[in-house]
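Colleague: Chain by chain, the residues:
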Amino acid sequence: MSSPRRRLLAWFARRPAAGSWALLTPGLLWLAAFFAVPLAVLLGYSVMHRGTYWGVSPGFTLEHYRRFLDPLYLAIAWRTLWIALATTGLCLLLSYPVAYVIARAGRWRNLLLFLVILPFWTSFLIRTYAMIVLLRGGGVINSVLMGLGVTTAPLDLLYTPGAVLAGLVYGYLPFMVLPIYASLERLDLDLIDAAEVLGARAFSRFRRVVLPLSFPGVAAGSLLVFIPSLGAFLTPDLLGGAKTMMLGNLVQSQFGPARNWPFGAAVSFALMGVVFVGLLVWLRVRDAEAAA
Amino acid sequence: MGDKIADSARALSTLIRARYLRSFSHPGVRTLSVPPPIVEFRRVSKSFGDTRAVDAVSFAIHPGEFFSLLGPSGCGKTTTLRLLAGFESPDPDGGEVRISGEVVNDRRPYERRVGMVFQSYALFPHLSVERNVAFGLEEHRVPRTEIPGRVERALGLVRLPPATFARRRPHQLSGGQRQRVALARALVLDPAILLLDEPLGALDLQLRKEMQFELKALNRSLGMTFVYVTHDQEEALAMSDRIAVMCEARVAQLGTPADIYENPRTEFVAQFIGEANLFGGTVGQGGSGAGGPRVVTMGDGRTFQVPEHPAVRPGAPVRIAVRPEWLDLFAPGAVPPGENALPGVIRDVVYLGETMHVVVGLANGQLVRVALRNEGQLLNPLPWRRDDQVMVAWRPDDCQVLEPA
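Which chain is which? The protein sequence lines are A and B, in order.
Position 211 of the first sequence, counted from 1, bears residue number 211 in the numbering used here, the numbering being contiguous throughout.
In short: position in the second sequence from 1, add 1000, done, that's the numbering used here.
Rather than coming from a laboratory, the hints here were simulated on the basis of the structure.
Note that the coordinates shown come from a computational prediction; the quantities given were computed from them, not determined experimentally.
Treat the hints loosely; a few may be bogus.
Derived Cβ-Cβ restraints for the label pairs, each shown as a range [claimed, not checked]:
1. W21(A) with A1238(B): 22 to 28 Å
2. R107(A) with R1385(B): 30 to 36 Å
3. A288(A) with T1164(B): 23 to 29 Å
4. R286(A) with G1175(B): 24 to 30 Å
5. T151(A) with N1105(B): 31 to 37 Å
6. R107(A) with N1105(B): 49 to 55 Å
7. G1175(B) with A10(A): 49 to 55 Å
Covered, in the sense of this in silico footprint (three residues per stretch, anywhere, with C-beta under 8 Å from a C-beta of chain A), are these stretches of chain B [as the list claims (entries may be wrong)]:
8. 1124 to 1132
9. 1310 to 1319
Cβ atoms here follow ideal geometry from the backbone N, Cα and C, with glycine treated the same way.
Pulled out of the complex, with its shape left as it was, chain A reads as follows (with noise of 0.2 Å):
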């Protein structure tokens, strides 16, 4: 009568908590190996000495932390992070609008919805390389600029970090304008209403309720793109070239060409650092603005 699958089940039914160990045991299981013991490793090696080939030979050091303070690797730490900030700020600014239409579209909310992520059913690689074709010496935009006479000679406008952060913003404005527009769209439009009545124009009623009440959206967007843009290598790699290197090419030159393993941890570990640290910061904005 209690036949195995009876008797597990009541096994379950008695302990509620094994049911929730037990459904997250297989993502557990997966973030453990390719994600904890990875990471554990790295930090292993970031504090060993260099192979004399490749990879690392036994022993302690802080020497790579060390170097990586010489100011040719923190200007391109500082290069990180403002083009990580600008990508930031530039893709909020381009989305907010967006969101704000599509969260009012009635019936065409779904298909602009579509659009907004069709980029997304080609690889980011392919994409790239499209952006090439654009903005080389003898690309579409130069083309079309000589073509009219606005310039004589092509523009650099390949291997900048105007590229780079095209590119970055061009990749990652989805994640800006997902998030943001779902937070536009459970706005009750009763509270627009609400302001007007009470005396608000429209950029106040912009400033003082849509504004704050879009927030978590514009926050989570903010870190969907920032923390990425950050640690970003294959736009960089490709846009920027050699003189607009991010922190993401360094850690990739590192671990390939250099040969410098412990040297390329230590650097993954400080962007980490930054990362962390960029969002210890921002929680502590919201939780004053959230007792405000």
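With chain A fixed as given, assemble chain B onto it according to the hints.
Modeller: Frame of chain A, contents of chain B only:
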């Protein structure tokens, strides 16, 4: 406690009246004994796409009046209120909305001196109670030093002790408390007209009754004009000075609660406000007796008398409404002379506390509801039981002749 509220209400109302008179620019206003209407709709129409939400609606609201727009959902009452608030503009050639005599068709809500309480309360969730109430004052550039005092007075007016509630967020309040904050937020600006869009819809019955009473008291003590939208006929009857019953984008009837209940003009009004039994037939051609000019013959040949009415013309089809409480029951043969009487069989007896409803099936299959006052059900049980043969009777004057649809 109660005295304090009355005092602050009186103080605020004096303030409002003073402002109201000053804001009045019409030169003839003091010489008229009846003040001009504060709100006037003149054949106002509003369409959304192919749908007419409001169709040539006209009415006037007097200063200080508690005026209700009553109707089923989709009848246009909320659009009418939004036209008055300024969230919507009438169609081109869609008539005039006037406030204090001035055409305001294209004025924004903040240019109309109206306040509004929304069905959803529409409190700003990111602001505390006191910041919610202060919002309008800040937008109107009221001096910073004046704001806390006015917020406190407004909260007092709706009986929310500022010490307890000022710093709470809307999500920390009960439905009734949110309602009061919404009210305070509108009242703090001393609007000439307060618009209320089903404000009690989300409250439980007990709280509704309490708030109905308080709203009515505020309307009286502040002397402020209230325009109240509801689909609840009992609520409208209990609170309003006058009611505009709306049906399919038009005003079906406008009048005092008693007028509308006692003299419903159309079948819709008769059935929407309270309960009504409808009887129909053809008016006789002339002479006296069964074919007389005030005698209606029903489809099954039975007759009843009707009072004088423009719709009662020889040979015309006519319908009447009879309220359940206007009807009485008699044993066959015991009907007093001169009363209309139709034979039937009792189908059901429903005990409702203050009344008892007896459902009678007539010979033609129609069910008639008769309301009998409860005169001590336990001491004097009803003499009627299911399946008894009875006469449903009413005096010829105790009915309302309905206008042809």
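Colleague: State for each hint whether it applies.
Modeller: The hints, checked one at a time:
Distance hint for W21(A) and A1238(B): a CB-CB separation of about 58 Å, inconsistent with the stated range 22 to 28 Å. Range check, R107(A) to R1385(B): Cβ separation about 59 Å, and the 30 to 36 Å hint is violated. Distance hint for A288(A) and T1164(B): a CB-CB separation of about 25 Å, consistent with the stated range 23 to 29 Å. Roughly 29 Å separates the CB atoms of R286(A) and G1175(B), a value that falls within the hinted 24 to 30 Å.
The supplied range of 31 to 37 Å is broken by T151(A) and N1105(B), whose beta-carbon atoms lie about 53 Å from each other. At roughly 29 Å, the beta-carbon separation of R107(A) and N1105(B) lies outside the given 49 to 55 Å, and the hint is violated. At roughly 42 Å, the beta carbons of G1175(B) and A10(A) sit outside the given window of 49 to 55 Å. With 3 residues carrying a beta carbon less than 8 Å from a beta carbon of chain A, the region 1124 to 1132 of chain B meets the three-residue requirement, and the given coverage holds.
For the region 1310 to 1319 of chain B, the assignment as covered by chain A is violated, since 0 residues bring a beta-carbon within under 8 Å of that chain's beta-carbons and 3 are needed.
Violation of the numbered hints given earlier is confined to hints 1, 2, 5, 6, 7 and 9; the remaining hints are satisfied by the structure.
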